[in-house]
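Numbering-wise, the sequence shown is residues 326 to 771 according to the working numbering.
Read the hints as simulated data drawn from the structure, not as lab findings.
The beta-carbon is built from N, C-alpha and C at its ideal position, and this holds for glycine as well.
Keep in mind that a hint or two might mislead.
Claimed, not checked - Across the chosen pairs, the derived CB separations fall in these ranges:
#: 1; residue 1: 673; residue 2: 611; range: 54 to 60 angstroms
#: 2; residue 1: 614; residue 2: 681; range: 54 to 60 angstroms
#: 3; residue 1: 470; residue 2: 685; range: 30 to 36 angstroms
#: 4; residue 1: 685; residue 2: 584; range: 36 to 42 angstroms
#: 5; residue 1: 657; residue 2: 611; range: 38 to 44 angstroms
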Amino acid sequence: MDGPPPLSPPSPDLPPGHAAREPLASALLDSRARWRDFALLSADLLFETDAEGRFTFLAPETVLGHPAESLIGAPAVTLFAGPGPGVFGIGAFRRQRMTKAWLECADGSTACLEFTLLRHGEGLRGSARDVTAAERRSEVVARALRRANALGRLLRLGQRQGGAEAALGAMLAALPAALNCQGAALLVPEGESWRAAHVVNHPPPLHLLPPPGTLAPGSLATGSLATGSLTTGSLAGTPHHAVACTEAGPCLLAWRDPQEPPLDSDDRELLAALALPMAALKGEVLRQKALTAAADGDPLTGLLNRRGFTAALERQVAAGGALVFLDLDGLKPLNDRLGHEAGDAALRAMGARLRAAAAREDLAARLGGDEFCLWLHGASQLEAECRIGTLGAPGPLPEWPEAGPAALRASLGVAMARSGEPVAELLARADAAMYAAKRALGDRRK
326 MDGPPPLSPP
336 SPDLPPGHAA
346 REPLASALLD
356 SRARWRDFAL
366 LSADLLFETD
376 AEGRFTFLAP
386 ETVLGHPAES
396 LIGAPAVTLF
406 AGPGPGVFGI
416 GAFRRQRMTK
426 AWLECADGST
436 ACLEFTLLRH
446 GEGLRGSARD
456 VTAAERRSEV
466 VARALRRANA
476 LGRLLRLGQR
486 QGGAEAALGA
496 MLAALPAALN
506 CQGAALLVPE
516 GESWRAAHVV
526 NHPPPLHLLP
536 PPGTLAPGSL
546 ATGSLATGSL
556 TTGSLAGTPH
566 HAVACTEAGP
576 CLLAWRDPQE
586 PPLDSDDREL
596 LAALALPMAA
606 LKGEVLRQKA
616 LTAAADGDPL
626 TGLLNRRGFT
636 AALERQVAAG
646 GALVFLDLDG
656 LKPLNDRLGH
666 EAGDAALRAM
676 GARLRAAAAR
686 EDLAARLGGD
696 EFCLWLHGAS
706 QLEAECRIGT
716 LGAPGPLPEW
726 PEAGPAALRA
736 SLGVAMARSG
746 EPVAELLARA
756 DAAMYAAKRA
766 LGDRRK
């Protein structure tokens with residue numbers, strides 16, 4: 326019995342056996358297409374390279390925006406962004422997974438791919454999936470963590486200090502290292518310009534900053550030291566200095582040498598995060614100084630009071646100098662005749678005389694009532710006598726001509742500081758010298 330007829334008659338034009346190979350070739354092609362389709366369900370790139378690292382196979386039809394056909398025969402390493410041989414050049418002798426690399430896209434951007442590689446003859450066979458979004462998210466998180474760690478370190482450094490001024494100084498001193506900057510400064514507005522209240526390393530480039538009123542609180546201004554340009558608002562370009570402003574007024578400035586890489590967004594955000602606590606510290610420093618001035622100062626004359634003068638003199642007396650003790654003459658008759666407003670004017674006028682006579686390191690004080698002191702730091706006996714020659718001389722009382730041409734006058738005595746002498750004894754000697762001078766001239770207060 327004859328067998329079944331063939332599925333299709335052999336073509337008289339084909340060589341014997343070709344009819345059997347045609348379905349097999351079709352099945353192989355179909356199998357390869359199926360493999361390719363299934364592989365691309367879990368991968369964004371399939372490839373093979375030869376022994377020279379050139380692409381021999383690529384899928385899909387478009388790879389990172391490049392037509393796959395245009396890359397066949399091209400060195401695989403040309404796709405890599407940045408230096409290094411990349412994953413295509415390692416010649417893997419065993420399977421490798423989770424190998425990441427950044428590749429160049431056709432539009433000039435970059436994409437991060439995670440590769441699985443296997444040795445294939447003298448070349449490589451592998452697949453890759455695009456993990457750009459995950460990598461960028463991880464980068465954002467890592468940058469935020471680094472910024473938070475740096476901020477935390479600086480804040481903890483400030484907390485370990487003994488007071489607001491020490492905390493502000495320590496944090497500002499550590500800021501250039503944290504930002505890899507040339508210098509940093511805390512600025513305070515002063516009229517139409519800025520004044521550097523605290524500076525680290527180098528004088529700040531104040532001439533590049535706009536007037537205080539043009540920078541909105543909470544904003545960042547950036548610019549380039551090389552060009553002298555500065556923009557406010559959005560942080561475009563590649564600036565080498567930035568200033569973060571606060572509603573309290575102070576601003577935090579950091580700058581980098583133009584030859585160095587520019588300040589990036591992380592640097593600027595850290596600067597902005599530090600501006601508010603450092604401005605608060607500056608406010609606390611000013612508040613403490615105001616409280617100290619109120620406790621140590623005389624509100625009528627603006628000079629030191631007895632407490633402030635004694636404390637300051639304790640710190641200076643070891644260096645030597647002359648202590649001048651003054652007693653305002655005729656204050657009671659002036660009060661009786663013209664009232665206490667005229668007496669207060671006489672006290673203020675004597676305070677003005679002392680301020681005019683005091684050098685930078687000298688101390689001037691109203692000890693109470695009509696008693697004043699002037700410490701001439703480092704002065705000799707002769708120098709002291711020359712400087713105070715007219716300090717108690719009679720003169721008119723400003724704005725009170727009816728008080729007479731000699732209404733403002735004082736008796737004074739001078740005592741030179743002795744090595745190891747307590748301040749109280751120095752004050753007592755100067756007071757005694759003043760009363761001796763008053764007795765010699767007669768009591769002019771009556």
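Comparing the hints with the structure gives:
{"no.": "1", "hint": "673 / 611: 54 to 60 angstroms", "result": "25 angstroms, violated"}
{"no.": "2", "hint": "614 / 681: 54 to 60 angstroms", "result": "24 angstroms, violated"}
{"no.": "3", "hint": "470 / 685: 30 to 36 angstroms", "result": "49 angstroms, violated"}
{"no.": "4", "hint": "685 / 584: 36 to 42 angstroms", "result": "39 angstroms, holds"}
{"no.": "5", "hint": "657 / 611: 38 to 44 angstroms", "result": "39 angstroms, holds"}
Of the numbered hints stated above, those contradicted by the structure are hints 1, 2, 3, listed in ascending order.
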